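K.L.:
Read top to bottom, the protein sequences are chains A and B. Everything in the first sequence is counted per the numbering used here, starting at 1 for the first residue and increasing by one. Everything in the second sequence is counted per the numbering used here, starting at 1001 for the first residue and increasing by one.
Hints are computed from structural coordinates only; laboratory data are not their basis. These numbers were taken from a predicted model, which means no experiment stands behind them. Mixed in with the good hints there might be a few duds.
[What the hints assert, rightly or not] Facing chain B, from chain A, some residues (calculated, C-beta under 8 Å):
no.	residue
1	2
2	5
3	46
4	95
C-beta atoms are modelled at their ideal positions from N, C-alpha and C, and glycine is treated no differently.
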Amino acid sequence: MHVMEGFLPGPWWQIWFAISLPVIIYGIYKLNELIKDKRDLLPLLAVAGAYIFILSSLKLPSVTGSCSHPTGTGLAAILFGPAISAVLGLIVLLYQALFLAHGGLTTLGANVFSMGIAGPVIAFIIYKACTKAGLNFYIAVFLACALGDLATYVVTSIELALAFPAQIGGVLTSFKAFATIFALTQVPLAIIEGAITVLIFKYVIQVKSDVLIKLNVLSETGLRKIKEMTT
Amino acid sequence: MKLEIIVAVIILVFTAQFLYMSSTTDSEYGGADGEAEGVIDELTGGTYEPIADPIWEPPSGEIESLLFSLQAAIGALVIGYFFGYYKGKKQPM
């Protein structure tokens, strides 16, 4: 999903920086709050960050005959909300921009927006909507993470389409061209990401279920129901 | 165990699909990021010059996969450590 270094002409790279920066600042503020008030949750924060590290390093082959990687941001989004996910995403994107020439510093704003903000926001909204609708917890996690992952790639396509409108047909035509590459390739990978994140949540519930109540991910009755279901 | 089996089946289907596709088509399995560059070339008629270059690039594919594996290894280490820590804390030896 990386927009490569130098591949967003002005004013687009500045625009995406301007949009992402306030979210990052708010995310750092929220992160500080978390570090001060809920120190016992720090290991879980590390796990969420590490999960993004792993998943975004795995470039998987897809049905379209090209490779792409999952994002892993759904876990952080459900646990800590989109703002903190944006900061975690920024760390990973910086690593890849500096050491791997994947993405870049000028396109960092756009990449943070697609992977760190848009994906987590969609995942968060879908998770909350699904739990409100009374859907099974694991199905809610699956949908949130899979669709959040997909959203990242749709947004990347939009970012590129806006910067490179086709001469005939404009933004819509180029969006289709970019989405064919990014979004279509991503569909099976999004399903895998959703499935694996479900497993991670299962293990979090097994070893440290109280944090999910503390983070308002699950209600106490919701948690009890899941535990009854699995035992 | 039910969830693990479902996830395993999804990964198996995915792997089988890949094995089948890679032996019946001559897809290159290049990165989607790079393919986007091709589309940009097409849309602009090859006139677009990147406004910046990466400040450092891995000198070879080997170094690149080294750094990618490092990224995954760091992640796996942290996750394994804390899950083990929580589990160990819950069931004292």
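K.L.:
Taking the hints in turn, state whether each one holds.
P.N.:
Hint-by-hint comparison with the structure:
1. 2: holds (5 Å)
2. 5: holds (5 Å)
3. 46: Cβ of residue 46 of chain A sits 5 Å from chain B, so the hint holds.
4. 95: holds (7 Å)
Of the numbered hints stated above, none is contradicted by the structure.
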